Amino acid sequence: MAVPKRKMSRSNTRHRRSQWKATAVTLVECTNPACGAKHLPHHACAECGQYGARGDRRQVI
Amino acid sequence: MPTPTKGPRFGGSPAHQRLILANLATSLFEHGQITTTEAKARRLRPYAEHLITKAKVDSVANRRQVVRVIRDRSVLHTLFTEIGPRFATRPGGYTRITKINPRKGDNAPMAVIGLVEAKEFATTGAKHSTPAAKRATPVAASAPAEVDEATDPPADSATADGTVTTADSAADDATTAPTPDAEVAADETTEPVEGDARDEEAEADSEADKA
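So the sequences go chain by chain: F and B. In terms of the numbering used here, the first sequence opens at residue 1 and continues consecutively. In terms of the numbering used here, the second sequence opens at residue 62 and continues consecutively.
The set of hints was computed from the structure by calculation and includes no laboratory data. All figures in this text were calculated on a predicted structure; none of them were measured in a lab. The beta carbon of each residue, even a glycine, is placed where N, CA and C say it ideally should be. Treat the hints with care, as some may be off.
Unchecked claim - Here are the simulated distance ranges between beta carbons: (1) B/Pro146 / F/Thr26: 30 to 38 Å; (2) B/Thr66 / F/Gly55: 32 to 40 Å; (3) F/Lys21 / B/Gln126: 51 to 59 Å; (4) B/Gly73 / F/Arg17: 56 to 64 Å; (5) F/Lys21 / B/Glu91: 52 to 60 Å; (6) B/Pro63 / F/Val25: 46 to 54 Å; (7) F/Pro41 / B/Arg164: 35 to 43 Å; (8) B/Ala76 / F/Thr13: 27 to 35 Å; (9) B/Ser120 / F/Gly36: 26 to 34 Å; (10) B/Asn168 / F/Ala37: 34 to 42 Å; (11) B/Pro63 / F/Asn12: 15 to 23 Å; (12) B/Ser120 / F/Val25: 18 to 26 Å; (13) B/Ser120 / F/Gly55: 16 to 24 Å.
Claimed, not checked - Chain F is nowhere near these chain B residues, computed Cβ spacing over 10 Å in every case: (14) Leu85; (15) Thr87; (16) Ser88; (17) Thr96; (18) Pro107; (19) Asn123; (20) Lys160; (21) Gly166.
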């Protein structure tokens, strides 16, 4: 069985892990004028539960 | 011949997937709208729509084919007496998938799949017409737009005369339709020009969505 020849140094481990970065998700504003919360694009708004274009909203949740 | 489903099955085995889909379809026809994972909703849509197509014609043969999937007799009755006739003129696209926020526990992408509202469609060759002809006819062109959940259905004000909210669907709605939601929907579609008519329309639409 293949095994590592050298111990992975703390520095190498931490340098590698420093590259693990989270990215901010893209959000859009709810077009419901009474809500206006941020939600994922092409998803129903979690605040008001509506989905659809302005003037053609429908209650999903 | 339909293309075989590729890849792994829901639940691990073909038998389990059949049961999952049958249960999902039964729940969908019972409640009109269900929340499930997006993958299951996408797999359920063609499955449930085939059943609704069968339910449009109430014959013994069709009932026997559907009862193999929908084993609940009361749901079967609802499907053939309410849901089938409701979509009598609609050329397919009976359900709509709307994505919602991921699930808390495992971040699984979730979606709401529901039956669309009843609406009258022109029956003259709409089913077999070419895409170009569909685009030319405004009523027929609205059908594929409603199927696509990313695209929004055309403004109901344009086809308001064709929109029919049956008393049955309103009655089904009694368990799930919260009045504040309908009011919110009504508020945001209000326009100064045609205020009351738009309000009633929005309420009817939201009720039909829930049904």
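Going down the list of hints, with the structure as the test:
1. For B/Pro146 paired with F/Thr26, a C-beta distance near 43 Å fails the hint of 30 to 38 Å.
2. A hinted range of 32 to 40 Å for the beta carbons of B/Thr66 and F/Gly55 is consistent with their spacing of about 39 Å.
3. In this structure, F/Lys21 and B/Gln126 meet the distance hint of 51 to 59 Å, their C-beta atoms being roughly 54 Å apart.
4. For B/Gly73 and F/Arg17, the Cβ-Cβ distance of about 35 Å falls outside the hinted range of 56 to 64 Å, so the restraint is violated.
5. Against the hinted window of 52 to 60 Å, the Cβ-Cβ separation of F/Lys21 and B/Glu91 comes to about 46 Å, which falls outside the hint.
6. For the pair B/Pro63 and F/Val25, the supplied restraint of 46 to 54 Å is violated, since their beta-carbon distance comes to about 37 Å.
7. With their beta carbons about 19 Å apart, F/Pro41 and B/Arg164 fall outside the hinted range of 35 to 43 Å.
8. Taking 27 to 35 Å as the suggested C-beta distance range, the pair B/Ala76 and F/Thr13 does not conform, at roughly 47 Å.
9. Hint check: B/Ser120 to F/Gly36, Cβ distance near 51 Å, so the stated range 26 to 34 Å is violated.
10. One distance hint, 34 to 42 Å for the beta-carbon pair B/Asn168 and F/Ala37, is violated here, with the actual separation near 20 Å.
11. In this structure, B/Pro63 and F/Asn12 break the distance hint of 15 to 23 Å, their C-beta atoms being roughly 53 Å apart.
12. Against the hinted window of 18 to 26 Å, the Cβ-Cβ separation of B/Ser120 and F/Val25 comes to about 50 Å, which falls outside the hint.
13. Checking the proposed 16 to 24 Å range against B/Ser120 and F/Gly55 shows it is violated: the Cβ atoms sit about 42 Å from each other.
14. In this structure B/Leu85 is separated from chain F by more than 10 Å, as the shortest Cβ-Cβ distance comes to about 18 Å.
15. Distance check on B/Thr87: its Cβ is at least 21 Å (rounded) from any Cβ of chain F, clearing the 10 Å threshold; non-interface status holds.
16. Against chain F, the non-interface label of B/Ser88 holds: every CB pair exceeds 10 Å, the least being about 16 Å.
17. The beta carbon of B/Thr96 is not kept farther than 10 Å from every beta carbon of chain F, the shortest such distance being approximately 8 Å.
18. Against the 10 Å criterion, B/Pro107 stays outside the reach of chain F, whose nearest CB is about 21 Å from its own CB.
19. At roughly 31 Å from the closest C-beta of chain F, the C-beta of B/Asn123 stays outside 10 Å, upholding its exclusion from the interface.
20. The beta carbon of B/Lys160 is not kept farther than 10 Å from every beta carbon of chain F, the shortest such distance being approximately 5 Å.
21. No Cβ of chain F approaches the Cβ of B/Gly166 within 10 Å, the least distance being about 16 Å, so the stated non-interface status holds.
In terms of the numbered hints stated before, the structure departs from hints 1, 4, 5, 6, 7, 8, 9, 10, 11, 12, 13, 17 and 20, listed from lowest to highest.
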